[in-house]
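S.K.: Residue numbers (my numbering), protein chains in the order written: chain Y, 164 to 601; chain B, 116 to 299; chain Z, 752 to 937.
Don't take every hint at face value.
What the hints assert, rightly or not - Below, computed lysine-lysine pairings styled on DSSO-like, alpha-carbon distance capped at 30 Å:
1) Z:K911 - Y:K168
2) Z:K817 - Y:K250
3) B:K224 - Z:K911
4) Z:K911 - B:K182
5) B:K210 - Y:K250
6) Z:K911 - B:K200
7) Y:K179 - Z:K783
8) Z:K783 - Y:K205
9) B:K162 - Z:K817
10) Z:K817 - Y:K205
11) Y:K179 - Z:K775
12) B:K162 - Z:K911
13) B:K150 - Z:K817
14) B:K224 - Z:K775
15) Y:K250 - B:K162
16) B:K150 - Y:K250
17) B:K182 - Z:K775
18) Z:K817 - B:K270
19) Z:K911 - B:K210
20) Y:K250 - B:K224
21) Z:K775 - B:K150
22) Y:K179 - Y:K492
23) B:K270 - Y:K250
24) Y:K250 - B:K258
25) B:K200 - Z:K783
These are calculated hints, taken from the structure and not from any lab test. All of these numbers come straight from a predicted model, not from anything done at the bench.
One-letter residues, chain by chain:
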Amino acid sequence: MGAIKDAWQQLTWTWKPQGGRESGDSIVRNLLLHWFPAKVNKESLSFRYSLWLGTISAVLFVILSVTGVILMFLYVPSVERAYPSVKDIEFAVSFGWFIRSLHRIAAHLMVAVVFLHAARVFLTGAYKNGTAAQQNRPINWVVGVLLLLLTLLLSFTGYLLPWDQLAFWAITVGTNIARAAPLVGDRIRFLFLGGHEIGQSTLLRFYVLHCFFLPVFVAFLFAWHMWRVRKDGGLACVDRLRLRQKAEKVAPIKAKTYSLLGITRGRRVHVETSLVNEDLHTVDSSPNLTRRILLVMLVTVAVTALLAVLVAAPLEEPANPRVTPNPAKAPWYFLWLQELVSDTTIRIGSFTINGALVGGVLLPGVLVLLLALWPFFDKSSVYAVGTWFTKERRRQNWVFLILALLIAILTVVETFMRGPYWNFYWPWEAWPEVPRRF
Amino acid sequence: MNFDSRDRLWIYLSGTAILVISLWIYLGYFRPEWKDYQSDFREVVAKRFGPDRAREIPSGIQQVWAKDLDRVDRCVTCHLGVEWKGLENAPEPFKSHPREILTRHPASKYGCTICHGGQGYATDTETAHATTIEHWEEPLLGKELTASYSVSDRKALMQINCNTCHRYDAQTAGADFVNDGNNW
Amino acid sequence: MKSPKPSAEAEARAEAGASPTVAKARRRFLSKLGIGAVLAAIGTQGYALLRSLVPNVLYEEPRRLKVGPPDQFPEGATFLENQRLFVVRERNTLYAISAVCTHLGCTVEMLSLPQPKSVRINGQLVEERREFHCPCHGSKYYGDGTNYSGPAPKPLACYKLEVSPDDGQLIVDFDQPVNRSFRLTA
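Put together the whole structure using the sequences plus the hints.
M.R.: Shown next as structure tokens:
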């Protein structure tokens with residue numbers, strides 16, 4: 164009995180440290196915990212600052228990976244067996260309907276949460292450097308934008324896999340927009356599709372991208388993203404705290420602590436071991452940070468599971484290249500693009516510029532580039548870092564919010580108010596009946 | 116700044132929420148619709164044929180895999196009496212299937228939906244009969260559909276599916292409406 | 752004589768002393784309940800994930816299936832290719848013997864003997880009309896399935912035969928192996 168208790172103690176002490184010294188030790192001696200700093204800033208732990216959106220998207224990624232691996236045992240990526248295998252998952256596999264629904268809900272939530280996380284970072288100016296040495300938050304912002312694009316691509320490749328009408332035609336619309344890119348458009352589409360038409364090679368390519376390559380890229384970029392956060396001294400609110408400290412003229416602390424973050428400045432080896440007064444502003448990561456992470460994990464799983472039970476995953480008729488559904492829509496996160504594409508065809512006399520080029524390639528291309536490179540254009544001072552809605556960055560925050568709102572409006576209009584033949588219908592207007600067999 | 120007890124409360128609450136959701140899911144796992152039909156069938160058989168035959172009745176999802184037609188039909192999960200002799204006047208879904216046509220078109224080779232329509236993949240009544248659901252274009256060609264189209268002969272609509280294979284036959288035994296149409 | 756009443760002060764102290772312990776015990780109980788709920792939640796979700804990988808339906812030949820009316824099987828052995836099975840009729844008795852070699856699973860070949868051969872199986876003299884030889888590694892079996900040569904470790908399996916009460920067809924049940932002496936009278 165005593166031996167079992169000892170073994171249990173050996174396994175779990177790092178999660179329940181007694182006192183500051185054990186807490187620091189547990190960070191160093193536990194494989195999972197060594198990713199965290201020994202002490203974390205109290206401000207970073209607050210829900211109000213970051214809304215923990217980054218953690219939520221990471222948890223959603225884990226949910227997707229776990230349910231995804233299970234689904235890989237059950238789904239068959241061949242054009243003959245894909246649809247029947249999804250039907251089998253829905254009806255013949257125990258809990259299959261739930262695992263599929265959980266996977267789908269987590270996927271849609273992840274696209275939304277990753278975007279919200281990007282918005283939060285933008286609105287708090289957390290892509291800016293503070294006053295500490297060797298920070299490079301702009302790079303981390305670019306890594307983040309890449310992660311956002313990868314998230315969209317993961318969702319897009321996964322969308323095709325059920326091989327039903329919804330999947331087939333959504334990908335038809337999406338890949339045809341890509342075709343409008345000048346010079347390389349057709350070639351990109353050819354490689355993406357593995358041919359001229361969406362068929363077996365497309366399905367297999369999308370499957371391998373979705374299950375292997377894109378998740379591996381995400382994992383790598385995620386590791387870099389986290390590493391950069393540590394290297395930059397933590398969340399941007401820590402820099403804000405430090406600047407306030409400077410204003411208060413607090414003497415720099417030269418005492419060594421258990422923090423693993425050492426920053427040097429100047430030519431002498433004067434180790435400034437942390438940005439702020441640790442005793443006042445930090446708490447032990449184990450158990451405070453770990454407990455909050457557990458909290459966020461459980462709440463995210465609960466919300467996702469609840470939505471998965473309440474909202475059924477759709478599965479329409481089997482994919483039929485000869486029958487186009489009316490209307491045929493891209494996945495919701497590309498609907499704003501589809502709307503732009505249908506509205507931005509420019510005709511000057513006999514000269515036509517395809518809307519797919521303007522609305523589908525140029526406009527989003529410019530927006531994404533602007534988004535990624537904005538930190539390098541931002542001229543605001545260091546005092547705007549890590550704060551919600553500072554006066555200094557008011558204009559850029561407004562522009563961002565307005566653009567985000569426009570995209571949201573387009574998405575809503577597209578979802579509910581575009582009907583058959585792309586005609587506009589108010590929400591209370593009924594759509595005309597589309598012919599069916601019975 | 117760090118609310119130890121508040122965090123713990125939320126951890127316990129969300130854990131309980133997930134547990135409640137799990138229990139709701141497990142309810143569907145332990146008591147699916149077909150389980151009740153299977154236990155009812157066992158009772159019917161025990162009463163008519165004795166407990167020995169009732170014991171032979173399989174439990175769980177049953178399916179017929181018609182390889183040549185690339186179809187899988189799970190109708191027999193509930194329609195357990197289809198190949199039994201002696202259940203001609205049993206209530207649905209336990210009724211025996213008319214003998215003659217089943218001998219010419221055995222269920223193990225043809226399945227069920229190739230003639231009757233419906234969604235073979237499904238394991239609950241509404242989705243399987245597919246008369247009221249979206250996105251399945253082959254509803255059960257039975258009572259409900261004949262009623263809504265006001266067709267007098269209950270079996271008439273099924274003859275549509277005879278044509279799946281017998282389209283180029285001059286006459287098909289048992290498909291009177293189709294034969295009439297061919298005569299024109 | 753009555754014991755002296757405790758002073759008001761002592762009473763208050765006693766109450767103050769009692770409630771922290773009760774509150775602590777209640778907190779500990781709720782804590783245990785909460786942790787239990789979290790563990791149970793993880794457990795039920797984990798079980799659901801793993802249970803989904805145990806197949807409920809199989810895209811295979813059924814384990815218990817009809818192979819045709821008994822009259823369809825002539826005197827001697829009939830090979831059913833899809834089921835890898837020999838259905839043998841000896842006058843009015845039938846039995847089913849597997850064609851799967853017990854060594855490494857190849858399908859054995861039947862050798863019809865031009866003259867019935869007398870062999871000694873388990874001390875008894877038996878007349879056999881056929882033998883089964885495996886082409887893969889040379890295992891040899893007598894007509895009743897007994898292995899007598901080659902690497903095969905066990906005799907060929909025999910499966911239960913029944914007559915279906917519905918339409919009189921022969922049913923073979925691969926989930927019910929039987930003794931080599933099993934015979935169905937039809």
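S.K.: Each of the hints needs a verdict: does it hold here or not?
M.R.: Structure-based check of each hint:
Pair hint K911 (chain Z) plus K168 (chain Y) does not hold up; C-alpha atoms about 54 Å apart against a cutoff of 30 Å. With a C-alpha separation of about 28 Å, the suggested pairing of K817 (chain Z) with K250 (chain Y) holds against the 30 Å cut-off. Under the criterion of a C-alpha separation no larger than 30 Å, the hint pairing K224 (chain B) with K911 (chain Z) is consistent with the structure, at around 23 Å. Between the alpha carbons of K911 (chain Z) and K182 (chain B) the distance comes to roughly 26 Å, so the proposed pair stays at or under 30 Å and holds.
Restraint check for K210 (chain B) and K250 (chain Y): satisfied, since their Cα atoms lie roughly 27 Å apart, inside the 30 Å limit. Between K911 (chain Z) and K200 (chain B) the CA atoms are separated by roughly 22 Å; this keeps the pair inside 30 Å, and the hint holds. Proposed proximity of K179 (chain Y) and K783 (chain Z) is supported: the alpha carbons are some 15 Å apart, at most 30 Å. This hinted pair checks out: K783 (chain Z) and K205 (chain Y) have alpha carbons roughly 28 Å apart, not beyond 30 Å.
The straight-line distance between the Cα atoms of K162 (chain B) and K817 (chain Z) is roughly 25 Å, inside the 30 Å bound, and the hint therefore holds. A hinted pair counts as satisfied when its Cα atoms are at most 30 Å apart, and K817 (chain Z) with K205 (chain Y) does not qualify at roughly 73 Å. Between K179 (chain Y) and K775 (chain Z), the direct Cα distance comes to roughly 19 Å. Compliance with the 30 Å bound is thereby established for this hinted pair. As the CA atoms of K162 (chain B) and K911 (chain Z) are separated by approximately 27 Å, the hinted pair is consistent with the 30 Å bound.
Distance check on the hinted pair: K150 (chain B) and K817 (chain Z) sit about 25 Å apart at the alpha-carbon level, within 30 Å; holds. Annotation: proposed proximity of K224 (chain B) to K775 (chain Z) is violated, straight-line Cα distance about 69 Å (limit 30 Å). With a C-alpha separation of about 36 Å, the suggested pairing of K250 (chain Y) with K162 (chain B) is violated against the 30 Å cut-off. Only pairs whose Cα atoms come within 30 Å are accepted, and K150 (chain B) paired with K250 (chain Y) is accepted, the gap being roughly 20 Å.
Distance check on the hinted pair: K182 (chain B) and K775 (chain Z) sit about 66 Å apart at the alpha-carbon level, beyond 30 Å; violated. For the hint pairing K817 (chain Z) with K270 (chain B), the CA-to-CA distance comes to about 29 Å; that is within 30 Å, so the pair holds. The hinted pair formed by K911 (chain Z) and K210 (chain B) meets the criterion: a straight-line CA distance of about 29 Å does not exceed 30 Å. Taking the CA atoms of K250 (chain Y) and K224 (chain B), the gap is about 21 Å. The hint holds against a cut of 30 Å.
With a CA separation close to 47 Å, the supplied pair K775 (chain Z) and K150 (chain B) exceeds the 30 Å bound. Between K179 (chain Y) and K492 (chain Y) the alpha-carbon distance is near 51 Å, which puts this suggested pair outside the 30 Å criterion. As the CA atoms of K270 (chain B) and K250 (chain Y) are separated by approximately 29 Å, the hinted pair is consistent with the 30 Å bound. For the hint pairing K250 (chain Y) with K258 (chain B), the CA-to-CA distance comes to about 26 Å; that is within 30 Å, so the pair holds.
Between K200 (chain B) and K783 (chain Z) the CA atoms are separated by roughly 58 Å; this puts the pair beyond 30 Å, and the hint is violated.
Hint violations for this structure: numbers 1, 10, 14, 15, 17, 21, 22, 25, all remaining hints satisfied.
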